[in-house]
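**Student:** Listed in order, the protein sequences are those of chains X and A.
All the letters of the first sequence, read from the start, carry residue numbers 1 to 345 under the working numbering.
All the letters of the second sequence, read from the start, carry residue numbers 1 to 222 under the working numbering.
Derived by calculation from the structure, the hints in this document are not laboratory data.
Predicted model, so just to flag it, every value in this text is computed and none were measured.
Hints are supplied without guarantee of correctness; some may be wrong.
Covered stretches of chain A, as calculated for chain X (at least 3 residues, CB under 8 Å) [said to hold, decoys possible]:
| hint | region |
| --- | --- |
| 1 | 100–114 |
| 2 | 117–126 |
In silico BS3-like cross-links for lysine-lysine, where the CA-CA straight-line distance does not exceed 25 Å [as the list claims (entries may be wrong)]:
| hint | chain 1 | residue 1 | chain 2 | residue 2 |
| --- | --- | --- | --- | --- |
| 3 | X | K48 | X | K224 |
| 4 | X | K222 | X | K3 |
| 5 | X | K283 | X | K214 |
| 6 | A | K151 | X | K224 |
| 7 | A | K202 | X | K151 |
| 8 | X | K93 | X | K47 |
| 9 | X | K3 | X | K168 |
| 10 | X | K305 | X | K275 |
| 11 | A | K65 | X | K305 |
| 12 | A | K203 | X | K120 |
| 13 | A | K17 | X | K187 |
| 14 | X | K3 | X | K171 |
| 15 | X | K305 | X | K187 |
| 16 | X | K187 | A | K5 |
| 17 | X | K120 | A | K218 |
| 18 | A | K21 | X | K222 |
| 19 | X | K296 | A | K65 |
| 20 | A | K32 | X | K224 |
| 21 | X | K317 | X | K305 |
| 22 | A | K21 | X | K187 |
| 23 | X | K95 | X | K168 |
| 24 | A | K17 | X | K222 |
| 25 | A | K151 | A | K122 |
| 26 | A | K197 | X | K224 |
| 27 | X | K187 | A | K110 |
| 28 | X | K305 | X | K48 |
| 29 | X | K295 | A | K122 |
| 30 | A | K65 | X | K48 |
| 31 | A | K216 | A | K203 |
| 32 | X | K295 | A | K218 |
| 33 | X | K300 | A | K121 |
| 34 | A | K121 | A | K5 |
| 35 | A | K110 | A | K121 |
| 36 | A | K93 | A | K110 |
| 37 | A | K65 | X | K295 |
| 38 | A | K100 | A | K17 |
| 39 | A | K65 | X | K47 |
| 40 | X | K47 | X | K95 |
Heads up, the beta-carbon is just placed ideally off N, CA and C, and yes, glycines get one too.
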Amino acid sequence: MIKILNTATLSSFQDLGRFGKKSIGVSQSGCLDKFSFIISNFLCGNKKNEGAIEIVGGGFSCEFMEDVSIAVSGPTGIFKINNDQISINSSIKIKKYDTLYIPENKNGNIFYFSISGGFKVNNIMNSVSFHQPSSITNDLRVNIGDILHMKKPNSNFQKLINSSFFEKYIKSANDISIIYDEVTLNKFPDFINILESNQYTISAEASRQGIRLKGNDNLSHKLKDEISSGVSLGTVQLPPSGQPIILLNDSQTTGGYLKLGSIPNFEIPKLSQTKINSTIRFKGIDLSESNNFRKKIDLKFNSIKLEDYFLYNHKIKNNHISVQISENDSIISIANEQLINVFKE
Amino acid sequence: MSNPKIFYHGDSTAIIKFGDKIDEDINILVHKFLESLVRGFSEYSSILDIYPTYNSIIIDYDPNKILYENIKEKINLINSEFDSSDNEKKHYKIIEIPVKYGGEFGPDLKRMSKALNITEKKIIQIHSSQKYRVHMIGFMPGFPYLGGLDKRISFPRLDEPRLAVPEGSVGIAGDQTGIYPFSSPGGWNIIGRTNLKLFDSKKNPPNLIISGSYIKFKIQND
Chain X
1 MIKILNTATL SSFQDLGRFG KKSIGVSQSG CLDKFSFIIS NFLCGNKKNE GAIEIVGGGF
61 SCEFMEDVSI AVSGPTGIFK INNDQISINS SIKIKKYDTL YIPENKNGNI FYFSISGGFK
121 VNNIMNSVSF HQPSSITNDL RVNIGDILHM KKPNSNFQKL INSSFFEKYI KSANDISIIY
181 DEVTLNKFPD FINILESNQY TISAEASRQG IRLKGNDNLS HKLKDEISSG VSLGTVQLPP
241 SGQPIILLND SQTTGGYLKL GSIPNFEIPK LSQTKINSTI RFKGIDLSES NNFRKKIDLK
301 FNSIKLEDYF LYNHKIKNNH ISVQISENDS IISIANEQLI NVFKE
Chain A
1 MSNPKIFYHG DSTAIIKFGD KIDEDINILV HKFLESLVRG FSEYSSILDI YPTYNSIIID
61 YDPNKILYEN IKEKINLINS EFDSSDNEKK HYKIIEIPVK YGGEFGPDLK RMSKALNITE
121 KKIIQIHSSQ KYRVHMIGFM PGFPYLGGLD KRISFPRLDE PRLAVPEGSV GIAGDQTGIY
181 PFSSPGGWNI IGRTNLKLFD SKKNPPNLII SGSYIKFKIQ ND
């Protein structure tokens, strides 16, 4: 049993998504950062698509009523078990009455919390993914005071990853790739030039449905809405205001705004980890470039290895310092409240 | 053979487009071609979703398992064997939606009646006298985009959307009429309400109304 004490901005169950339901108006939902999501499951020995809690923002905390191994993945930083600081992207053995706390993180927004063996939670239309805009999945939102149950708690996992995958491929960079639609390339080449010369700020109107960007209004237009048609994860819409919208996992399944193109799938984790008020710039790539990038990233992702580690805690003056040393001494991570360093041989 | 255009959208979606307007014949073609596509791709685990809109079909795929070029090739192959003249019409049953019109259930009916200079009774009669094609489902789970509203009762959206339109509300916006499966903010003129549950995630399938079928509103008196 796990008791939820705090839920940050939004905490919800997610898996890789709910597919094949767009014909009845249900978008795919699912984890925003699929790389981190999968890592959290691997760290505690779960299968790839096991439901995990997606935590948006800092401040999540919960108390455990049983022993179990858990993992927290996401942006580089720390989470806390009682007073110990553990580097994110590790799993750890939890004892009864331990408390997990995930603080605000300057490197990103989204964390995944998995337990070894998985959470006991009901499937809704073949998925445990909470879908924010409809009331059909309300049971999959995690609320303060909720008591969560486990399927088969397992306490054998205490691992970390041998990779700086987050730093290299998920941590926000200014450039976001976009694959322009053929119509945009042929009919609106000027829009492309202007779009790419502008800098856009991620506005506070960002949710699991989409991100509204704010920037120069030099792309405002008077083109008529299109006939409502399909939209996808990553679709970039340009409403008459000229301020682009990027659709995410919980978007509507159809939309009538002008579509410029779409963000390739492998950039969605990066985009969703980008903090509100950061700026981004669009960079056009074509389909074959996108395929090459994707292959390269997948190769790196698939080469991530897990290693067992030992945890040592020290109190030096008033500082709690935690040291994780992997079994063959190849990875050492040192953490206190402010700093974390990972040394690798 | 039909003559659709095939486009990519991002790295994991293909769009098959059958024309540039809202038109019942195009939408019938869309749904007919959809059946061939679903059959043709039934063995492909790389295909995540295939769904219809007014005048196009969208295919979502996993780019790790299949490339756009291969999908395009397969669509062309399916198209070469597709007989659009095949007039064997599917006998969709017409789904009847009982509606309580006006009063507390249709708060905008009175205003519409005044502005259009048509009696409430006549609006209700026009609205409930014909069948509507379900061109697609979208906007929210189970929301049907219906075609064929009588022009006499078309009416512009509210200037300010309501914060909450009750579940089951039947509305008119411009040339469209539709039903809200869930309570939601919305700017449609609400003329009535149905007690039928349009979407229930615990049922299989969860939706009462399917795309490509027809519905008819039936006046329900207390």
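**Student:** All the hints need checking, so say for each whether the structure fits it.
**Tutor:** Now for the hints, and whether the structure bears them out:
1. 100–114: violated (count 0)
2. 117–126: violated (count 0)
3. X/K48 x X/K224: Violated. X/K48 to X/K224 sits at ~43 Å, over the 25 Å cutoff.
4. X/K222 x X/K3: violated (52 Å)
5. X/K283 x X/K214: holds (17 Å)
6. A/K151 x X/K224: Answer holds: A/K151 to X/K224 is near 21 Å, not above 25 Å.
7. A/K202 x X/K151: Distance of about 22 Å is within 25 Å: holds.
8. X/K93 x X/K47: holds (18 Å)
9. X/K3 x X/K168: Not satisfied, since the Cα-Cα distance of roughly 35 Å exceeds 25 Å.
10. X/K305 x X/K275: violated (28 Å)
11. A/K65 x X/K305: holds (23 Å)
12. A/K203 x X/K120: Roughly 21 Å between the alpha carbons, so the hint for A/K203 and X/K120 holds.
13. A/K17 x X/K187: holds (17 Å)
14. X/K3 x X/K171: Violated, at about 31 Å.
15. X/K305 x X/K187: violated (47 Å)
16. X/K187 x A/K5: holds (16 Å)
17. X/K120 x A/K218: With a Cα-Cα distance of about 44 Å, the restraint between X/K120 and A/K218 is violated, given a limit of 25 Å.
18. A/K21 x X/K222: Given pair A/K21, X/K222 holds - Cα atoms ~19 Å apart, limit 25 Å.
19. X/K296 x A/K65: Holds, at roughly 15 Å.
20. A/K32 x X/K224: violated (29 Å)
21. X/K317 x X/K305: With Cα atoms ~35 Å apart, X/K317 and X/K305 exceed 25 Å; violated.
22. A/K21 x X/K187: Holds. A/K21 to X/K187 sits at ~18 Å (cutoff 25 Å).
23. X/K95 x X/K168: violated (33 Å)
24. A/K17 x X/K222: OK: A/K17 and X/K222 at ~24 Å, within 25 Å.
25. A/K151 x A/K122: Judged against 25 Å, a Cα distance of about 13 Å means the pair holds.
26. A/K197 x X/K224: Since the Cα atoms of A/K197 and X/K224 sit roughly 34 Å apart, the hinted pair is violated (cutoff 25 Å).
27. X/K187 x A/K110: violated (45 Å)
28. X/K305 x X/K48: holds (15 Å)
29. X/K295 x A/K122: Between X/K295 and A/K122 the Cα gap is close to 62 Å, so the pair fails against 25 Å, i.e. violated.
30. A/K65 x X/K48: holds (17 Å)
31. A/K216 x A/K203: Between A/K216 and A/K203 the Cα gap is close to 23 Å, so the pair holds against 25 Å.
32. X/K295 x A/K218: Not OK: X/K295 and A/K218 at ~55 Å, beyond 25 Å, violated.
33. X/K300 x A/K121: violated (67 Å)
34. A/K121 x A/K5: Measuring from Cα to Cα gives roughly 45 Å; hence the hint is violated.
35. A/K110 x A/K121: holds (10 Å)
36. A/K93 x A/K110: The given pair, whose Cα atoms are some 33 Å apart, is violated under the 25 Å limit.
37. A/K65 x X/K295: Roughly 11 Å separates the two Cα atoms, so the pair holds.
38. A/K100 x A/K17: Distance of about 38 Å is beyond 25 Å: violated.
39. A/K65 x X/K47: holds (19 Å)
40. X/K47 x X/K95: Distance ~23 Å between X/K47 and X/K95 Cα, so the pair holds.
Hints 1, 2, 3, 4, 9, 10, 14, 15, 17, 20, 21, 23, 26, 27, 29, 32, 33, 34, 36 and 38 from the earlier list are contradicted by this structure; the remaining hints agree with it.
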